[in-house]
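Let the hints inform the model, and build the full structure from the sequences given.
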Amino acid sequence: MIETLLMIALFFLVLSILAAVYRLVKGPSIPDRVQALDNIGVNLIAGIAIISIFMRTSAFFSVMLLLGILSFIGTIAFARFLERGVVIESERNK
Amino acid sequence: MNNIVILPIIIPMILGLIMVIFRRRIMLHRVLSILSMTGTGGAAAYLIYQVKHEGIQTLQLGGWEAPFGVSMVVDMLSALLLITTSIVALFCVIYAFKSIGREREEHYFYPLFLFLITGVNGSFITGDVFNLFVCFEVMLISSYALITLGGKSIQLRESIKYVLVNIIASFLFLIAIAYLYAVTGTLNMAHLSERVAEVGQGGLMTAVAIIFLFVFSLKAGLFLFFWLPGSYSAPPTAVAAVFAALLTKVGIYAIYRFFTLVFYHEPQVTHLIIGIMAAVTMVLGAMGAIAYKDIKKILTYNVVVGVGFILAGLASFTDAGMTGSIYYLMHDMVIKALIFIIGGVIIAIAGTSNLDDMSGLIQTHPYLGWMFFITALSISGIPPLSGFIGKVYITEGTFTSGYYWLGAIGLITSLMVLFSVMKIFMNSFWGETILSEEMEKGTTRGVMFPIVALVMLTIGLGLGAELLHDYVEIAVEGLMNPSLYIEAVLGGNAQ
Amino acid sequence: MESLMSILIGVFFAIGTYLILTKSLLRIILGTSIISHGVHLLIITMGGVKAGGPPLLGLGSTSFTDALPQALILTAIVINFATTAIFLVLSYRSYKVLGTDDTAQMRGNEDE
Amino acid sequence: MSLSVTSEIVAGVLILIGSIFSFLSAIGLIRLPDVYTRSHAASKSSTIGVLFTLVGTLVFFVIHEGVFSIRLLLVIFFVFLTAPVSAHLICRSAYRSDVPLAKSSVKDELKEVLVGENREEGRQ
Amino acid sequence: MKKPNDIILRGVTKVAVVIIFTFAINLFFAGHHNPGGGFIGGLAFAAALTLMFLSYDVDSVRANFPVDFKVLTAVGVLIAVLTGMGGVFFDLPFLTQAFDYFHLPIFGKTELATAVLFDIGVALAVIGTAMVIIMTISEDR
Amino acid sequence: MSLLHIMILIPFIFAIFVPLLYKLFNSRIHTGWFVLIIPVVIFIYLLRFIPGISSGEAAYQSLNWIPSFGINFDAYVDGLGLVFGLLITGIGALVILYSIYYLSKEKEALHNFYVYLLMFMGAMLGLVFSDNILVLYVFWELTSISSFLLIAYWYQREKSRYGAQKSMLITIFGGLAMLSGFIMLSMMTDTYSIREMFTQVDTITGHSLFIPAMILVLIGAFTKSAQFPFSIWLPDAMEAPTPISAYLHSATMVKAGIYLVARFTPVFGGTSEWFWLVSGIGLITLLYGSVNAVRQTDLKGLLAYSTISQLGLIMSLLGIGSAALYFGYGDEADLYAAAITAAIFHMINHSTFKGALFMVVGIVDHETGTRDIRRLGGLMTIMPITFTVAVIGAFSMAGLPPFNGFLSKEMFFASVVDVSNLTEFNMDTFGILFPIIAWVASVFTFIYSMILVFKTFRGKYKPERLEKKAHEAPIGMLISPIILASLVVIFFFFPNMIGDYLLKPSVAAVLPAIAENSIMDMYITPWHGWNTELFMTIGVIALGTLMYISLRKWAGIYRMYPQSITLNAIYNSALDKAQSWSASLTDKYMTGYIRDYIAYLFGFFILFVGGTLIVTNSISFDASNNAPVNFYEIALMVAMIVAAFTVLLAKSRLTAIISLGVLGYLVSMFFVIFRAPDLALTQLVVETVTTALFLLCFYHLPRFKEQVHKEKKGVPFKPLNLIISIGVGVVVTLFALSANGTRLFEPIAGFYEDSYKLAGAKNIVNAILVDFRGIDTMLEIFVLCIAALSVYTLVKLGLSRREK
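Residue numbers (the working numbering), protein chains in the order written: chain A, 1 to 94; chain B, 1001 to 1495; chain C, 2001 to 2112; chain D, 3001 to 3124; chain E, 4001 to 4141; chain F, 5001 to 5804.
Everything labelled a hint here was simulated from the structure, so no lab data went into it. Keep in mind that the hints are not guaranteed to be accurate.
Here are the simulated lysine-lysine pairs, DSS-like style, with alpha carbons at most 25 Å apart [unchecked claim]:
1. F:K5577 to B:K1293
2. F:K5588 to C:K2023
3. F:K5588 to F:K5718
4. B:K1152 to F:K5796
Here it is, written out as structure tokens:
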């Protein structure tokens, strides 16, 4: 029962990941691509959740959390770079 | 179980790390580097003693029996290489005291140097394929750091090539491990050997062997040496010397280990390929050596020739060939370090590495000149210096196994080597003296000690070849008879 | 699965190789990164995939996938990270010092 | 038994809803005209989507496996916390790096503010 | 260039960093029985620091963490090595790890393993490395 | 270490002290006086062997060097060795005596000179007294090296260096050939001892390596003895100071080849190959040397070519004599044994007269400042003693009585005439050439001998062409040539003095069979009736005189020979070509362009690995135990491939980085699918940190927007790159498929599943990392630490800033 539901859910998730990949390829601007990256990250969290249910294991929860954290950090880094050309600032530069 | 086995890795590692912590204490760095080299040397000497009297020494790290844990194994070949490494590195580091410069010293020269030695020693000791990869990486990362140390433009330019080639080599190493694991399901070399012997070295196994050969050839500069001349001419002399002496030898050692311990069943395929590669290496290397009038280039191509010659002994896969190779391997480590050091001193004095711009140095530096002369003879295997025994037995080995062409190429290239180094001697030391002492840009002060010591070593290795014989014989026995190694590592738990 | 993975890995290798063969340093580094993914996936594929639960005891599984390749890959990833870091810094230093990131201009025969 | 089955169904449905949200956001990601509008789709609906999915997972594991994972809760919290910030930063960076608005956009209020700021800067 | 307004980011960062630190420590100690361990814990910790770098700047973070990360790295590796040496003094092979279960007053039955010490070394080395690399590059102008 | 060894090694030992002596005493006493002691002592020591040797005994002493390999310094003194030993030390003593007057103690670097000379002497002694072939080889190379140093004694001169290099290259080449020949010999006989080889001649002769070994050993001998076509080094070696030329080219260095041939005659001799090679090359050299000597204008050049030709003569005699071994013993054997006798006798004679002549030339050079025949003349009255010595030497060389050269020349003629009647060895075909060549060459020998004497000492004295005013040399300088000249005469009148004591035992050493089985008729007489030989000599004198007188009329022939195909020109251009070809070849593949290197790397990877896969026929496909595939996995794979292609085709760098990030996320997703939580975690963190690093470094790399502009021109599409990359992909895939289908063993991983019991850890991967394979992790963080330091130094230490 739940397997079927999960499969359908996974199907949608995969479609949205592919959509994000399309956006990644297509662009046209860099922020679009960063957006796609962020989106893929979020979708992967969901995907891992579903797979965890498939496998009946809680082993991947920390992966999800870390993915959340890191996709956030990654997005910030890109945003920073796009905005200022610098990722990390040092005091002297200000 | 023998914890001394691990010391050659641990000593330089710990002392190097201590140096990192006390960064500004240069004197401490120097003392610790000498201490570390003598320490590893001492450990190696003790290991040699033990191996001779008690057989191959092993350490199952963490107490996990092979093949599940990582085994550290010292057989005679490793032990000999360890002690040679320590000695050579000791003199290189002493040479560095005077030549490397304050800034590099403060930027972790000595720790990085010791880390390099850690990697080299680790590669000699380990009995596990993946651990070999890790040790390679320790060595390589340190070498990346050392080759770029100082960040001069030529260093940066050449190190990019060096780094990239080695990164790719590491990838190939990993895929080779992956394939190996898929087919055999184990990583321990002794266990591998047993498993390969059990099913026979079939086609796929030979193909795996070829990938390993390819990877190690890249490291050793066997046939795939194109990265070598550039990268060895970029770093400061002390570094170049230790590179020339040690880095390629690790690759050679690995080839030896694999093709005597694991993939020894199809020598008519694998060893013939090694032989052909060795021949091409020697020819191309020798051609490179005679082609240029630049000291650094000549010397680096000589490194290439040496590699080919050593592996010609393995290709022969006979007792004589192996004996010769081991002698020659030790000789080559000493002599390459030495000739790079002397070359560096010459370049420092003349302020250029172009032979056309120097002349008559023997007038002002007679001792240096004669040291170079002896080195030059030794490098081309002129008796009774250290290269001689190796040359004779490698040649005999190739003849015995019917590879006459290989032996002939070895001898002819040794003549070309002689020509190339004598070109340096005749151009830089002979001729009219054009440089007065005031005009010199460098000095021999303080660097003669390591040079003299290494020259003594090369003479001693030649005249005292008998002293080494017992050990080399044990080493050859170990190489030609893999069951000794397997027995020592797996003991009774062989599956 | 393993067969499909093998093909995927082959594609990674091909793309990575092509990138490494280009002139720009950055592309070369990108190429090494892609190949490194290929290598890691290759190791885990060669260890056999999906043969059991995650290699964690006490979560109810009784059979486990081969944990050894995972440990190896972990080490390999870290080492690859270290190498990539060095390579990146090296290339930007070279760009600063040599004024180019085009490897065709780094032949180095001119000033000797 | 019945609790378990119910929980499975509840979890499954939650997850399905989540994935549909994600899918919708993906459609938005493809169809919308410029980065700013796409950002809405991407951040809002996909956050909702992942939340549903995670809650579904949480329910499943709590009831079915008897595992209450604080990490899962943390994930939910964290995604909730950071997704808007990410979206905000992306948009801002897009704007600052001069990514054009869609042709159909009506008004750019920020422009006026920034132009003013820049003028001040120029004066200093 | 006028410094952009980072209030939103910084506000969130403060919360996020706390979460990440906690998570990192959790990952670190979970390592022996769950996914995680010194390496990942260390890197997650480093990720938190990176986040701080991103939303603040190098010097203000450095002011809060007055550590020479190069030394930290070396110390980390040293700890790992010396843990390995521990076995040698008991005439056991190098890197022999020991573990046992103790009854401690507060924690109850607790497993103490030298592997944890080893992992601490790993974590320190990883944090140190990541920080050295990131800081060195971002300081270079 | 026996006294014998000490005597052989004492030159080396003494050489160490020479610089010291030079430093202490040279201002007062010429260093040569100290050095002179050495050869004299050894000479006297060797003389003590004569009685024993002549009665058929031999001395043998062994000194361990590398006994485990059977490489021992087995000193063996028999007749042959003794003759050479006496020559080496005897002539050596005279040469040193001569050099004391020749080389000024103020101007010359005497410490170097005598060190080289002593090394050379020691090497020669070791060479002739070694029974062990490897030790013999050691000394052989030492002679090459020390002669290299001696020839380049005036290292400031370009020509000296050229000559030294040439002689070194050629003789060491020969040495290497000889070494490989020796190795083959030892493979055949399983010993390094020459004497033991004598007992296994049958094994050697029947062995398939017999011919190669023989040729290789002969190459060694021929290069050293300056046989055609290796003779070219000798004339250039004349750049050495004259005492050196006298020593190296009359008595020692070049005789080493003769010694070698004589020594190995019992091993190889008696076969037609050996016979033809040795005697044939010898005769060609004889002719070549004598013809070329005539055209020389430099006195030392003339002597050089004459040396070449005389060595050819000796060599051909040895070849002819080797026929004796074919016959074993008996009359015919004795007939050819006479050739060996002649060879050794002539060698001794050659040492005496050639030594004297070199010294004479040295005196002329020293006193007049030139050796050019065209500038010399009329010195007879100014330098009467020198002239006398020159006449004796030259006439002996030309084979005139009453000098020793006459005797050995007669014996030579006798041998070639005898051998032309031989029916074995296909002598019936070309055998007739032997006496003809010998005779023609002798005519030329006569001519150049006359040139040497008369052009220098007769004719008009031309002081204006000389740098110095000529006068007779100091008596000290004359002592040595006078001694040698008197020996020339004495040997003529009392040939059997050396015949009995030296020649017999040495012939016995060369032809052991004869020594054992027959009493040799070895009586040398100056007069042996009106026989063919005598008529030949008379003919030589008649035609020689005629041609000498008409020299100017026909000397133009020499100029017709094109310079470009002389051996010298061939050598020079070969050396140049070797270097320039090497350079162009090396430059061709060592482009310094990283792309090329990587292309080689991958190209050879495809070639080697793909090739092996195909050749060993090990490509297989077996998907039977594959894991099942889900649709989302395929979709993710598609996504990954798309992301990877985006990296490849991205026009901007940031796009590439972002795509790489996506790729990393997807890879970690696969790790999740493959049940590897730890890996997924690590991959994620590392991916993110790497991305951050990329971005950090971006600041320093060319700006993003410029880059877009630049790259819009297109990433040029390279077909070769494409082929290589597809090749790599295909090879990796094929290999992976084959390996996957060929799982031969159960992996060892099962063991780790007990990790909780063994290591107290429930996370198997972590248990492996920190415990089972803790060393990997330890080294891995070590790698990280080094990387951190490396990055730090890279950024902080920039010596390049100072370069500019």
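Structure-based check of each hint:
A threshold of 25 Å between alpha carbons decides the hint, and for K5577 (chain F) with K1293 (chain B) the separation of about 15 Å falls inside it, so the pair holds. Of the pairs offered as hints, the one joining K5588 (chain F) and K2023 (chain C) holds, with about 19 Å between alpha carbons and a cut-off of 25 Å not exceeded. For the hint linking K5588 (chain F) to K5718 (chain F), the alpha-carbon distance of about 20 Å falls within 25 Å, and the restraint holds. Distance hint between K1152 (chain B) and K5796 (chain F) is fulfilled; the C-alpha atoms sit about 12 Å from each other, no more than 25 Å.
Every hint, counting from the list given before, is met by this structure.
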